[in-house]
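Since chain A is already given, all that's left is putting chain B on it; use the hints.
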Amino acid sequence: MILTLKIKCGIERLFMETRTNIQICPNCGHENSAQADVCKKCKHDLAANERDSTNRLDKTSAIPDLAALGLDVTDYGDFEFDSADVKTHHFEGFADDDAPIGDGAVRLKGNLILTERETGKKFVIPPADLQEAVIGRKNQQSGYSPIIDLSALEGHKYGVSRRHATISYRDNWLILTDHNSTNGTYLNGHRLVPEQARVIRDKDTIRIGGIILHVTYEFAE
Amino acid sequence: MFKSKTRPIALPQSEHARLAGLIAYHWGNADFDCPAIDFDSFVKGVTEHDRGYGLLDSAPIDGVSMKTWLTIQRQGLLQVCDDMLTNVVCWMHIRRLLSYASSPERDELRQMADSMIDESLAQLPIERDVFEWVDTITRFCDNLAFDFGFDKAKQGSVEVCHKIGSMERIKVEYWLEEDGVIQVKPWVFSVERFSGFVMGYQEDGYPDRLEPVLRPFTIEKRP
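So the sequence lines, in the order shown, correspond to chains A and B.
Every number in this note's numbering is 59 more than the matching position in the first sequence, counting from 1.
Every number in this note's numbering is 847 more than the matching position in the second sequence, counting from 1.
Hints are computed from structural coordinates only; laboratory data are not their basis.
Be careful, since some hints might not be right.
Unchecked claim - Facing chain B, from chain A, some residues (calculated, C-beta under 7 Å):
1) Val183
2) Thr236
3) Asn239
4) Thr241
5) Leu246
6) Gly248
7) Arg250
8) Val252
To be verified - Calculated Cβ distances over 10 Å to all of chain B for the following chain A residues:
9) Glu191
10) Ser204
11) Asn247
12) Asp263
13) Thr264
To be verified - For each label pair, taking beta carbons as the anchor points, the in silico distance ranges come out as:
14) B:Ser962 x A:Ser227: 37 to 45 Å
15) B:Ala1000 x A:Asp188: 24 to 32 Å
16) A:Thr241 x B:Pro907: 28 to 36 Å
17) B:Pro855 x A:Lys102: 46 to 54 Å
Note that the coordinates shown come from a computational prediction; the quantities given were computed from them, not determined experimentally.
Beta carbons are placed, not taken as given, at the ideal position from N, Cα and C, and that holds for glycine.
Just chain A, same shape as in the assembly:
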């Protein structure tokens, strides 16, 4: 059976067009018209939603010369997959929590350090914060900031979602999970399937939207 993404995208687009006739107020849940700037019920600033929405990265912006080739690199709609090759997953956990697994050298024994490639900014995350460390950017409306907050690194410009991905510490392993983010999470150059966990380890490279982070394990003495 052939799954044609073009059709799927068309259906989704149709759905989106239907839904975009209204906008739901994040403050009170009231359904407002798509054109409304403030909520008719509670006067909440609806335009702030748009200002704070995730910036979908135009891949041509990274390499402007590709556009000169006439390549629409943002259009993935014509791609066809055999459905047997495509599977979505939901992480259930580790198979055997008590199993002696491998070499301790891959297990985190100290802080996790994420170093941003361009600026060298370091995020030092102690194990206590790694039960579920959200990577994302500040929610301007609620004021919530994730533990690994990329706002100051122009997260919005670089397509970071507010709740983009999480790093969790389970059974001494660090796992990275993308939360269906707009611009994706990449591990060593490979885009992760949303909600499909992967163990990350020392010297891995993570890309969050357009921001690249190098992983360092800080080992305990």
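Only chain B this time, still in chain A's reference frame:
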């Protein structure tokens, strides 16, 4: 993903990428020049040579249809980064894979790769031969990491360029043993030997349930 030929272990593409990149990172000695492009860009390009897999990594690497494989290669061409040298290293690899056979779809993609490469080279500007030279090393790193992914004893070889300014190639052979020892002859690396491991997972339940399995390797000189 790679599925071991000898054990129920799956290996994701991100680990194959990491191993290929690690091999590239150690490239070069008195007999084998480093590429004539920025070394970090080269290593990154080798690491990301298969970057089109991503969302389709749940399927066995040798079990996808040609249609899906072409989609993966197309994604590999279009998933660009901000380092043009890295992109061209990746595109040269994909272009080579596409050239191994001919069909209207493959040929169309290959032409697309050629257009992207030529346009980029004109802007850099760097001669195409420089990247043809680099691509022989990409191929070596990929082949070695690829064969390691299947977890089975095997011998292989790749002809690589070894002196900058010359397209002359030398056959470099490798031997993989099931215990993770990899021997290479002639020796192409900058260190005497190096070791590491890749992170596989027990195939049962993967990827919904993760049971990590470490696969150590040591790359050393063949006596």
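For this session: With chain B as the partner, please determine if Arg250 (chain A) meets the hint condition of a C-beta pair closer than 7 Å.
Result: This interface hint holds because 3 Å falls under the 7 Å limit.
Exercise. If you take the shortest Cβ to Cβ gap from Thr241 (chain A) to chain B, is it below 7 Å?
Worked result: Status violated, d = 14 Å.
Exercise. So does Ser962 (chain B) sit 37 to 45 Å from Ser227 (chain A), Cβ to Cβ?
Worked result: 43 Å, holds
For this session: Return holds or violated for the Cβ distance of Ala1000 (chain B) and Asp188 (chain A) against the range 24 to 32 Å.
Result: 44 Å, violated
Exercise. Do the Cβ positions of Pro855 (chain B) and Lys102 (chain A) conform to the proposed distance bound of 46 to 54 Å?
Worked result: Cβ of Pro855 (chain B) to Cβ of Lys102 (chain A): about 60 Å, so the range 46 to 54 Å is violated.
Problem set entry | Interface hint compliance - Leu246 (chain A) to chain B, C-beta minimum distance less than 7 Å | 4 Å, holds
Problem set entry | Exclusion check [Glu191 (chain A) not at the chain B interface, CB over 10 Å] | Given a closest Cβ separation of 16 Å, the condition holds.
Exercise. Quick one, is the Thr236 (chain A) hint okay against chain B at 7 Å, beta carbons?
Worked result: With Cβ-Cβ at 11 Å, over 7 Å, it is violated.
Problem set entry | Status of Thr264 (chain A), Cβ more than 10 Å from any chain B Cβ | Incorrect as stated: the minimum Cβ-Cβ distance to chain B is 8 Å, not above 10 Å.
Problem set entry | chain B contact restraint for Val252 (chain A) - C-beta distance below 7 Å | OK, holds: Val252 (chain A) within 7 Å of chain B, min 6 Å.
Exercise. Hey, does Ser204 (chain A) actually stay past 10 Å from chain B on C-beta?
Worked result: The assertion about Ser204 (chain A) holds, with a minimum of 27 Å to chain B.
Exercise. Falls inside 28 to 36 Å, the C-beta gap from Thr241 (chain A) to Pro907 (chain B)?
Worked result: 29 Å, holds
Of the numbered hints listed earlier, those contradicted by the structure are 1, 2, 3, 4, 11, 12, 13, 15 and 17.
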